[in-house]
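A.B. asks: Numbering-wise (our numbering), the first sequence opens with residue 3 and increments by one.
Worth double-checking, as some hints may not be accurate.
[What the hints assert, rightly or not] Pair by pair, the computed Cβ-Cβ distance ranges are:
#1 ALA50 with ALA15: 14 to 24 Å
#2 GLY53 with ASP257: 21 to 31 Å
#3 ILE21 with ASP182: 30 to 40 Å
Hints were generated in silico from the structure; no laboratory data involved.
Built from N, CA and C at the ideal position, the CB exists for glycine as well.
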Amino acid sequence: MKIATFNVNSLRARLGIVIDWLDKNEPDVLCVQETKVQDKDFPGEAFAGLGYNFVYRGQKSYNGVAVFAKGEIEDVVFGLDDEPYDEARLVRAKIGGVWVVNSYVPQGFEVGSEKYEYKLEWLGRLREYFEKHFKQSDKVVWVGDFNVAMEDIDVYDPDGLRGHVCFNEQVQEALRAVMDWGFVDVFREHCKDGEQYSFWDYRMRGGLSRNRGWRLDYIMATKSLAQSSKGCYIDKRPRMLVKPSDHTPVVAEFDI
DNA sequence: ATGGTCGGCAACCGA
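Turn these sequences into a full structure, and let the hints guide you.
C.D. replies: So this is what it looks like as structure tokens:
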């Protein structure tokens with residue numbers, strides 16, 4: 003099973019890129035974030051034409067998640083377990099015997115702000131979510147834009163960026179607490195190198211050419227599932243296109 | 001170099 007995650011920064015603006023990527027890479031599952039489209043305007047026809055099933059939940063202007071799969075998508079539930087549910091940031095579904103959880107973790111604005119506190123609380127609630135709905139022995143793959151870089155090698159300038167809303171000990175501990183429920187960082191299992199990023203800020207001049215990036219997009223798997231992973235890679239090809247997202251896809255293959 | 005660029009959507013917000 004090949005599964006991918008991609009923050010598309012508007013599905014409609016990036017529709018051609020996403021369709022082309024799906025057509026060429028043929029993942030069994032693609033999870034996307036920041037679709038930025040209301041459900042009534044979701045561009046589903048293009049994906050149906052490729053033979054993909056899909057579920058989605060969006061809102062006006064911001065957020066939005068979707069899951070595309072070759073197989074049946076079952077037991078779909080959007081959002082966390084209590085208010086605010088944030089249905090446009092989280093979805094779980096069962097696909098081919100694997101539980102897929104697609105999340106768009108709040109970015110947090112700046113340390114000390116209400117949005118930052120919300121981000122920390124959100125990660126805390128996500129830990130409870132996994133405790134409630136799954137067992138560590140289940141095959142669970144948790145993917146998405148986590149808006150946290152875990153280690154120094156996951157950002158281009160750790161000393162300059164330390165304290166950033168996506169790179170400080172507090173958010174790292176919050177994400178670590180979720181991971182400690184029972185997840186393995188599949189990319190890191192296969193690649194110990196630095197300078198392996200999935201996000202480059204549009205505002206950073208020459209950010210991509212100088213590789214001034216962050217690894218914010220993850221594929222996590224429960225231990226039994228991670229043991230079956232054959233590989234994991236970041237696909238930078240979409241960043242070479244005319245209208246790239248600021249993120250790029252991360253892909254993992256499992257021998258199941 | 002205390003900046004910069006996107007997308008959505010109609011003035012700024014979010015990233």
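A.B. asks: Are any of the numbered hints broken by this structure? If so, which, sorted upward?
C.D. replies: none
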